[in-house]
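Using the sequences and the hints given, assemble the complete structure.
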Amino acid sequence: MTFDDEQREDLRQKFAEFAQTRSPKLRDELIEAHLGLAEYLARRFSNRGEPLDDLTQVASVGLLKAVDRFDPERGVEFSTYATHTIVGELKRHFRDKGWAVRAPRRMQELYLRLGRIIGVLSQELGRSPTIPELALEAQVSEEEVLEALEAGQAYRFASLDAPGPGDDEGDTMSSQLGAEDSNLVDAEHRVALWPLLAQLPKREQMILHLRFFEGLTQSAIAERLGISQMHVSRLLARSLAQLRAAAEEP
Amino acid sequence: METQDEVGDEVRLAVPATPEFLRLARVTASGLASRMGFTLDEVEDLRLAIDELCFVLIGNKGRAGTVDLRYAVNGDTLEVVGTGTFDDGRAAPVLASWSEQMLKALVDEYALFEDGGHTAFRMVKRRLPPPGGDRS
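Protein chains in written order, with this note's numbering: chain R, 970 to 1219; chain C, -16 to 119.
Among the clues, some could well be false.
[Unchecked claim] With a straight-line cut-off of 20 Å between C-alpha atoms, the simulated SDA-like cross-links for lysine to any residue are:
1) Lys1060(R) to Leu7(C)
2) Lys44(C) to Leu1185(R)
3) Lys1060(R) to Thr1049(R)
4) Lys983(R) to Asp973(R)
5) Lys44(C) to Ala1216(R)
6) Lys994(R) to Arg977(R)
7) Lys87(C) to Lys983(R)
8) Lys87(C) to Leu1185(R)
9) Lys1060(R) to Gly1044(R)
10) Lys1060(R) to Leu5(C)
11) Lys983(R) to Leu1004(R)
12) Lys1060(R) to Thr1(C)
13) Lys87(C) to Phe1182(R)
14) Lys1060(R) to Ala79(C)
15) Lys1060(R) to Gly42(C)
[Unchecked claim] Ranges of calculated distance between the beta carbons of each label pair, as one might list FRET restraints:
16) Asp51(C) to Arg1038(R): 24 to 32 Å
17) Gly1044(R) to Val77(C): 18 to 26 Å
18) Thr60(C) to Gln982(R): 48 to 56 Å
19) Pro112(C) to Arg1085(R): 22 to 30 Å
20) Ala94(C) to Leu1004(R): 43 to 51 Å
21) Gly100(C) to Thr971(R): 55 to 63 Å
[As the list claims (entries may be wrong)] Partial chain R-side listing against chain C, Cβ under 7 Å, derived:
22) Thr990
23) Thr1049
24) His1053
25) Pro1098
26) Thr1099
27) Glu1119
28) Trp1163
29) Phe1181
30) Ser1202
31) Arg1213
Hints were generated in silico from the structure; no laboratory data involved.
Note that CB positions come from ideal geometry on N, CA and C, so glycine has one too.
Shown next as structure tokens:
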């Protein structure tokens, strides 16, 4: 969706005027002029299992919000601003419906299989395996291994609290936690550095501690806690996402 | 493959400054690291470090603009430079203490700096020689 210079200037004037008058007629005109953008963005989300009509509707709501909130004084092009708002609205739509962008089933299966392979290979090699080694063992390409590891990032949100691939938790976890608990969280410098750490579950605090303060590798942490490396990876990623989200709150 | 260690490889990637595109930044890094023979543990560290530094640039929810990433492979060393171009006029980000603590554990070198009006990061991760056992 492109405008020629004359149209662009016309729209700029209308936005400036709308900012002053809030005229409903102008509002309608501005919305109408940008419906193409909403439709375009809706189409970009249309391969994720939602009907295009619904998405266009959601995108139009985003466009309405953008027109209402746009401040022409700020020197940002409306199309840039609106794209952001509309995409945000579309994503919220998917999130609210619980339709996180899911990894293809094949990748999820490979991810689960890799969980077991990582455990076996680490034992055999006495160190963390390389990607080519994993690919060879799983009889897939290196790219597929990398894809599957990425898929695990998405997968983690769905199933974090269930045991991960290759996990053999049982009582190991709780007994391990008990033993390490006492000297774990309350050391002062740690609290000062990571003020939000205390908000996380104990096990995740411990994994962060072992990784970032003790310098243990993910494999070593996995061994220590009796869970799989992949589970450590998922918990770490989740903890960090939570810390980031918490840090951003005012 | 014989020339891999002699010739430096460079990959460039420009992504919108929003979290969903960080996946590409991670996959590119892990793809290169995989070629270089990094172990899974090292690849995981690299992915977390890239995530962290990119999030520092773009914030948790992303922002309007782009991040240009340059990955340079040199022998056992992978260097990643990410440069943000933003049009939202936000103040330049800084590294929180816990970010620093993380990055220290994850990579060999890291820095956040201003470069001609752009905020940028640089990080370096070296492949460690394996404690025992060949990786090739």
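Evaluated hints:
1. A hinted pair counts as satisfied when its Cα atoms are at most 20 Å apart, and Lys1060(R) with Leu7(C) qualifies at roughly 18 Å.
2. Taken as a hint, the Lys44(C) and Leu1185(R) pair is broken in the structure, with Cα atoms around 30 Å apart against an allowance of 20 Å.
3. Proposed proximity of Lys1060(R) and Thr1049(R) is supported: the alpha carbons are some 17 Å apart, at most 20 Å.
4. Only pairs whose Cα atoms come within 20 Å are accepted, and Lys983(R) paired with Asp973(R) is accepted, the gap being roughly 15 Å.
5. About 12 Å separates the Cα atoms of Lys44(C) and Ala1216(R), which keeps this hinted pair within 20 Å; it holds.
6. The straight-line distance between the Cα atoms of Lys994(R) and Arg977(R) is roughly 18 Å, inside the 20 Å bound, and the hint therefore holds.
7. Only pairs whose Cα atoms come within 20 Å are accepted, and Lys87(C) paired with Lys983(R) is rejected, the gap being roughly 52 Å.
8. For the suggested pair Lys87(C) and Leu1185(R), the alpha carbons sit about 13 Å apart, so the restraint of at most 20 Å is met.
9. Distance restraint check for Lys1060(R) and Gly1044(R): the Cα-Cα separation of roughly 26 Å exceeds the 20 Å cut-off, and the hinted pair is therefore not satisfied.
10. Distance hint between Lys1060(R) and Leu5(C) is fulfilled; the C-alpha atoms sit about 16 Å from each other, no more than 20 Å.
11. Simply put, Lys983(R) and Leu1004(R) have alpha-carbon atoms about 16 Å apart, close enough for the 20 Å limit, and the pair holds.
12. Taking the CA atoms of Lys1060(R) and Thr1(C), the gap is near 12 Å; set against the 20 Å cutoff, the hint holds.
13. Using a Cα cut-off of 20 Å, the hinted pair Lys87(C) and Phe1182(R) holds, with the two alpha carbons roughly 10 Å apart.
14. Note on Lys1060(R) and Ala79(C): the hinted pairing is violated, with a Cα-Cα distance of about 28 Å set against a maximum of 20 Å.
15. Between Lys1060(R) and Gly42(C) the alpha-carbon distance is near 17 Å, which keeps this suggested pair within the 20 Å criterion.
16. Between Asp51(C) and Arg1038(R) the beta carbon distance is about 29 Å. The supplied range of 24 to 32 Å therefore holds.
17. The given range of 18 to 26 Å is respected by Gly1044(R) and Val77(C), whose C-beta atoms sit roughly 25 Å from each other.
18. Checking the proposed 48 to 56 Å range against Thr60(C) and Gln982(R) shows it holds: the Cβ atoms sit about 55 Å from each other.
19. The given range of 22 to 30 Å is respected by Pro112(C) and Arg1085(R), whose C-beta atoms sit roughly 28 Å from each other.
20. The hinted window of 43 to 51 Å between Ala94(C) and Leu1004(R) holds, with their beta carbons roughly 45 Å apart.
21. Between Gly100(C) and Thr971(R) the C-beta distance comes to about 28 Å, which lies outside the given range of 55 to 63 Å.
22. Because the beta carbon of Thr990(R) sits about 27 Å from the nearest beta carbon in chain C, more than 7 Å, this interface hint is broken.
23. Evaluation of the Thr1049(R) hint against chain C yields a held restraint, the C-beta minimum of about 6 Å falling below 7 Å.
24. Annotation: His1053(R) was flagged as interfacial toward chain C, and the flag holds, the nearest CB pair being 6 Å apart, inside 7 Å.
25. At about 6 Å, the closest approach between the beta carbon of Pro1098(R) and any beta carbon in chain C falls short of 7 Å, and the interface hint on this residue holds.
26. Hint status for Thr1099(R) relative to chain C: holds, with the closest Cβ pair at about 5 Å, below 7 Å.
27. With 7 Å as the threshold, the beta carbon of Glu1119(R) comes within range of chain C, its nearest partner Cβ sitting at about 6 Å, so the hint holds.
28. Interface hint status for Trp1163(R): upheld, as the beta-carbon distance to the closest one in chain C is roughly 5 Å, under 7 Å.
29. A least Cβ separation of about 5 Å between Phe1181(R) and chain C falls short of the 7 Å threshold, and the interface hint therefore holds.
30. The closest approach between the C-beta of Ser1202(R) and any C-beta of chain C is roughly 6 Å, which is under the 7 Å cut-off, so the hint is satisfied.
31. A cut of 7 Å between beta carbons decides the hint on Arg1213(R): the least distance to chain C is about 5 Å, and the hint holds.
The structure does not agree with the numbered hints 2, 7, 9, 14, 21 and 22 stated previously, though it agrees with the rest.
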